[in-house]
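Visitor: Now for the letters of each chain:
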Amino acid sequence: MSELPAVAPRGRLADSDLLAAFLRSRVAMLAALATLLIFAAAAFAPLIAPHDPYDLASLSLLDSLTPPAWRAGGTTTYLLGTDDQGRDLLSALLYGTRISLAVGFASVTFAAVLGISLGLVAGYVGGVVDAVIMRIADVQLTFPAILIALLIDGTVRGLLPGLTREESAFGVLVLSIGLSFWVQYARTVRGSTLVEASKEYVLAARLIGLSPVTIMARHILPNVLGPVLVIAAINLALAIITEATLSFLGVGMPPTQPSLGMLIRVGQDYLFSGEWWIIVFPGAMLAILVLSVNLLGDFLRDALNPKLR
Amino acid sequence: MPVDGGAMTDPVAGDPLVAVEGLAKAFDVSAPWLDRTLGGEGRRLLRAVADVSFTIGRGETFALVGESGSGKSTIARLVVGLIEADRGTVTIDGVAIGRVSMGRASRALKTLRRRMQMIFQDPFASLNPRMRVDAIVGEPMRAFGLARGRRRRERVAALLTAVGLDPLDGRRFPHEFSGGQRQRISIARALASEPLFLVCDEPTSALDVSVQAQILNLLKDLQAERGLTFLFISHNLAVVQHMADRVGVLYLGRLVEVAPVETVFVAPLHPYTRMLLDAVPDLSMSSRDRLRATGEIANPIDPPPGCAFHPRCPLADTRCRTEPPHLLAAGSGFVACHAVAEGRAAL
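Chains as they are written, first to last, in our numbering: chain A, 1 to 309; chain B, 1 to 347.
Because the hints were derived from the structure by calculation, they are not lab data.
Note that the structure is predicted; figures quoted are calculated from it, not measured.
Incorrect hints may appear among the rest.
As the list claims (entries may be wrong) - These stretches of chain A come out as covered by chain B in the derived footprint (C-beta under 8 Å, 3 or more residues):
#1 178 to 192
#2 265 to 274
As the list claims (entries may be wrong) - Label-pair ranges, simulated between beta-carbon atoms:
#3 A:Val-27 x B:Lys-220: 35 to 41 Å
#4 A:Leu-37 x B:Glu-154: 18 to 24 Å
#5 A:Thr-214 x B:Lys-220: 33 to 39 Å
#6 A:Val-195 x B:Arg-142: 22 to 28 Å
#7 B:Val-266 x A:Leu-225: 53 to 59 Å
Cβ atoms here follow ideal geometry from the backbone N, Cα and C, with glycine treated the same way.
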């Protein structure tokens, strides 16, 4: 065949390009290492934590406010010391990270699914449907996450009076963080959908009588997901911070299941009385986690954008 | 020049596969409602296609030619039902088609859809970059429930072979192919549902000249093998001369001349057709007086009154500026021109 040789394959090469860029970037490798360590610590918390912070019976107020092991008065039983309840801070930290990450992943997933679906429909169907969805998105942006959290918390409590805070907190957090993040996905996906839907492969799919849902799911969705993954990576860090903020302000996780934000809130009360370890360790953990996830997201955004290379 | 005054009748012997009758489509290009209301403007309509009728016989290739903006691609999309006509009907194999994408389709329409397919202009946009070639070619079979499992794989392999690709290419992605190879994949996909009627919307205009000939010959071979009927859309007159049995010349959404391909290229009647042909660089014609291509195609939002071609026409008179001409039988074809009808158009 005398036709031109095939152009360099893009899809497969992008993967190895990504790997090469990753191996070149020391920041990305460090961030990935830190993220992996924290994810592993959180995932295996029940196996590696020396105590069970949820088992209230094992707590003793006599052990409360023990300093870290290397300080005077500290013991090796409580490596990072204890909080005001006598809870082992290291164990609480591991479990807290676990909760923070779970809330982060769940809310980002919720926001992404909601935003991608609405963005696809808005972009593909267009017209009035598009206008209504995008105006709702505009209004949504004017509500901060904290307001939505309070609203949903109150509504859930009113609708299901039997529910305790322990049972409802996780759902309320995921719902409110998810609801305040979906707009970004919807806007991005809508834009890419408009571009893809006018391409001829979508016309070819319409020509053989595929339903709009099939066309959106099988043809358009795979072609608009690239930018969404970058947003999701960056949003994960944002969701963790938002969860910490909400818990710190008292609309998040209950004190019996402390997340990182809740631990920081508890520690704040003791900051000026000298028990600095209660706030410093969770604070440092949060900072390292958010920083490394953010750096990874930034790396992904730059590496996937050929114009920045 | 013999001219009889009869209205356009069906020039194809026997029953045509495709019949297009009085097709019209206007696009709303108005400013948004709020701007329009505040600015005191009315709606603006772009008349892409105005009152177009033609028929295509079984096994025939009917070509539509015209400049950019003459409504060629709009007609292609109207004929396959990707966009809805404002007026007029398209009948394929005796079944009238409506809009394909939305709404419930009748049983007859569903079968009909199987029988008509389209080959697109841009081979880089017409294949889903995330799907493997065998999934792309097999999709019409899946959509119409024609073959599954092993049988589908065998048929995809046979189609790839038929368009000159290797069956093993099915495992690759579109980006691994050149433009010409992609157009072959596109043709294989169009053939997957065993169509009778193929609409080719400028299938070679995005390809290298050497590759163009290969694709055109492939289309001709497939037509002969499978008895396909083509609606062939192009702005390239050489391609049309190679492919077409009959040619329709479009100007500003109207057919100005419909004639067998020999007539159009040897003895064109309409001044616009003559202008188009004279604009083709040709060494053997170098001594001939050329009808110089002047002016631009008029704005379809605000078309000139009377004959739309009159601002560019050397033969235009008062009647041309006021009264729109209709397609009338002339010679072996049909022409919409007052000058031809009155015998003013001396060659």
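Visitor: Of the hints given before, which are not true for this structure?
Guide: When the structure is compared with the hints, numbers 1, 2, 3 and 4 turn out to be violated.
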